[in-house]
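Chemist: In my numbering, the protein residues as written are 1 to 850.
Simulated from the structure, these hints should not be mistaken for lab results.
Predicted model only: the values in this text are computed from it and were never measured.
Note that beta-carbon positions come from the ideal geometry of N, C-alpha and C, so glycine has one too.
Please note: incorrect hints may appear among the correct ones.
Said to hold, decoys possible - Using 16 Å as the maximum straight-line C-alpha spacing, the simulated EDC-like pairs for lysine to aspartate or glutamate come out as follows:
no.	residue 1	residue 2
1	106	116
2	427	469
3	747	758
4	536	554
What the hints assert, rightly or not - Distance ranges between label pairs, derived from CB positions:
no.	residue 1	residue 2	range
5	278	299	27 to 37 Å
6	30	185	58 to 68 Å
7	105	30	41 to 51 Å
8	288	324	45 to 55 Å
9	191	278	33 to 43 Å
10	54	112	41 to 51 Å
11	441	540	39 to 49 Å
12	540	326	39 to 49 Å
13	481	191	26 to 36 Å
14	336	777	44 to 54 Å
15	540	777	53 to 63 Å
16	54	142	41 to 51 Å
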Amino acid sequence: MQALRQCLESGQSVSAGYELVLNQQTHWFDARISSLGNHLSNPEGVVVVIRDISARVHKEQELDYQQNLLKSLYELSPIGIALNDFDTGAFLDVNQTLLEPTGYSKAEFLDLSYWDVPPPEYQPAEENAIKSMQATGSYGPFQKEYIRKDGSRYPVELRGIFVEDMRGNRLIWSYIQDISEQKRAEQALKEERERLANIIRGTNVGTWEWNVQTGETVFNERWAEMVGYSLADLAPVSINTWLQFVHPDDLAVSNQRLEQHFTGEIAYYEFEGRMRHRNGNWIWVLDRGRVASWTEDGKPLMVLGTHQDITERKQAEAEMLRAKETAEAASQAKSEFLANMSHEIRTPLNAIIGFSDLLRTTELNATQQQYLDNVVQSGTSLLEIISDILDFSKIEAGMLELEVIPVNLHELLQNCVNTISYAARNKGLPVELAIAPEVPVHVLTDPVRLKQILINLLSNAVKFTETGEVELSAAPTAGGRIRFAVRDTGIGISSEQQKKLFHAFSQADSSTTRKFGGTGLGLIISDMIARKLDSKIKLDSTPGQGTVFYLDLELEADPNPPVSSSADTTAEQPEADNTDLEELAPVPTHSVSPPDETRAISAFTTDHATAGRRMRILIAEDASMNMLLITTLLRQMNPEYEIIEAYNGQQALELATSRPVDLIFMDVQMPVLDGVQATTAIREHEKQSGQRVPIVALTAGALKEEQERCLQAGMDDFLTKPLDKSRLKTMLDTYGVTHQSVQPYRKDRFLERCGGDEDFARTMLDHFMADLPNKLEELKQSIGAGDLAEAGRQAHRIGGVAANMEMPLLAAAAGRLERQAAGREGDVLSAFDEVQQEWHAIRLLLGDSL
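All chains should be modelled from the sequences, with the hints used to inform the complete structure.
Modeler: Below, the structure is given as structure tokens:
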């Protein structure tokens, strides 16, 4: 209405726009109103022309939207955008992104031209870009630099198009991107590639890239050089190139390692193999690689790796191996030589010392007795020197092996003191033993080697002490170990002298060699053994006041210690009905003792026919002097022994298999058949006869390897030459070879064990007779179930109780079963039958009487 009034008042045409909503759609109309009169009060009329301009309005709105969108994109673009006059190069417009790295404001930048921003050296490139635009309507991309407001430069990449607007102005639209980060990354990548290339050149390795799925490979020049070719010689290359050079025997290993890597079992593929060189030789390469990418379905795609020529290293290793084998052969030869020398020296020594001991039993005057004592002492000293040299050689060659077994530690320490007490008493020195209450009784260790260390330290303490005392002590340390210390009040050792202590064939003071004697090997051997026991011998010493040598050992407690009780059974007599038989008497420890230790009763079958004949001993010894010596010693112990002599292994075999024999002393080194071969043949024969005679090795060799060889052949024990009379007697007692036949039950000894109390002895015996059948049934079930470990423990308990009940044959049979259950020899079922036979013999013997 306002437009109509305006038209009537002015008499002029008026235009007006209207917006109407029809059918929920907006429509735009343009109305033009013209008056037919000249005055509002007397109009002749009006003419109204209305046009629907909705389509035009929609186009204008769309154009506004596009312009706003372009303006937003222009301003928000992460890439710089500029508009230049083609003819003058002047900047007509730029966005903010372009301005940010320049340091200019927009007004300052628009005062510049296309030619002002880059350095002058880029002008030729600019001119080429202009020419490209004239010819093609666009330019780029090309890179150059821009100069910031502060004069510094930064790299940019440009591309643009030529346009002409409706007014005919020629313009350039350009994208201008700051590529500083890209350039830095490119530079870093370049440096990394150069570094990698230098590393590859420096390490002299070949590189390979392998597409597992297609077999395509890429090698560098060094890869080809390793096998005597160039890459051009090998072209075209593929995985088959590798396959044609690798040694066929090594290919399977390579494939296995690859498969392990592909499945994730190993993080890297690594393989040492041979490749055929162009000259026909084989070279060794270290092949390493790793999967760099995988297919979408999880299969290995690209594997990258290197080849390193390790031929020289392999040759060096082969040379070292040959040298090692040569050294080991030399060491073995030295050990064999020492063993043979030991045998050859010990054989005459055996006669010297043995016959000297026999001569001592005859009537001698004082001078003769003194001369004879000197002979025995010299022979014993020579024997100790031989043993030291042999031990040192074994340790030096790495051949010393430890035998860790259950040990009564307190008894071992007491034995050490007892061993040295005689020498100490001769000097008027007391030898004390101090064991802390916390020190365990039953432990696992090598008793022979521990005893060797302690006796050496004690011997030195006595040797270098004139007055005062010597003490052996054992106590726990803060670190959980047991400290064994030997303290003396002797001459002491200065700090300078201590530096020489652990050097072979030296003593603290060379003058002590003359005064005290010795090779100087004892202490260093002890220290080397201590190191094998994961320890070290240390000392504290003050000259003139004394010395303390000590070592700390980590000893594991025996997991199955023997059951013990008071030996005094008269103190308290428990009720028979409520007492486990195993608690009524101490059970001895049945263990495999070293050859210089007394063994427990060994397992053997005793022929009960010996009750009506003399004990028969077979001696197999090729040296007539040694034969005479051992025969004389045995006849001195018991003139009733029937002694059979064999001078070689073949004779020993024939005699042992043609008549009953109670014990065999078997020399190891003999003609025709040696002792090991003869023992093996005897044991084979016994499989048919069902009997087993104990065989004791007579050996001048102290090497453990020889001892193990004898055990494996079936021997039961060892006597090392020179023969010691007390050990010979112990061996006879051990195997039940006495001047009387062995009785299944020794009543008098058992009664003595019970303190003479016949009532208590009967109670014990009744309980034993009632309980043992149950124990035997349990043992039978364990054997039937295949539980040999439990069977061994049960046999151990039965043997221990039988020994304390003074039933030696039953104890011996149980001991044999225990050893067989541990896998040392024979048939467990046969051993169980022997146990039952001995039990049956006891039942027949005892009946209802004590």
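Chemist: All hints, please: hold or fail.
Modeler: Cross-check of the supplied hints:
1. Between residue 106 and residue 116 the alpha-carbon distance is near 15 Å, which keeps this suggested pair within the 16 Å criterion.
2. At roughly 10 Å between alpha-carbon atoms, residue 427 and residue 469 fall within 16 Å of each other, so this suggested pair holds.
3. Using a Cα cut-off of 16 Å, the hinted pair residue 747 and residue 758 holds, with the two alpha carbons roughly 11 Å apart.
4. For the hint pairing residue 536 with residue 554, the CA-to-CA distance comes to about 12 Å; that is within 16 Å, so the pair holds.
5. The hint said 27 to 37 Å for the Cβ distance between residue 278 and residue 299, and at roughly 35 Å that hint holds.
6. At about 60 Å, the beta-carbon gap between residue 30 and residue 185 stays in the expected band of 58 to 68 Å.
7. Separated by about 44 Å at the C-beta atoms, residue 105 and residue 30 satisfy the suggested range of 41 to 51 Å.
8. For residue 288 and residue 324, the hinted distance range of 45 to 55 Å is not satisfied, since their beta carbons lie about 27 Å from each other.
9. The hint said 33 to 43 Å for the Cβ distance between residue 191 and residue 278, and at roughly 36 Å that hint holds.
10. Between residue 54 and residue 112, the C-beta spacing of about 46 Å keeps the proposed range 41 to 51 Å intact.
11. For the pair residue 441 and residue 540, the beta carbons lie near 28 Å from each other, so the given range of 39 to 49 Å is not met.
12. For residue 540 paired with residue 326, a C-beta distance near 43 Å keeps the hint of 39 to 49 Å intact.
13. Checking the proposed 26 to 36 Å range against residue 481 and residue 191 shows it is violated: the Cβ atoms sit about 57 Å from each other.
14. Between residue 336 and residue 777, the C-beta spacing of about 51 Å keeps the proposed range 44 to 54 Å intact.
15. The supplied range of 53 to 63 Å is met by residue 540 and residue 777, whose beta-carbon atoms lie about 59 Å from each other.
16. Residue 54 and residue 142 have their C-beta atoms about 49 Å apart, which keeps the hinted 41 to 51 Å range intact.
Violation of the numbered hints given earlier is confined to hints 8, 11, 13; the remaining hints are satisfied by the structure.
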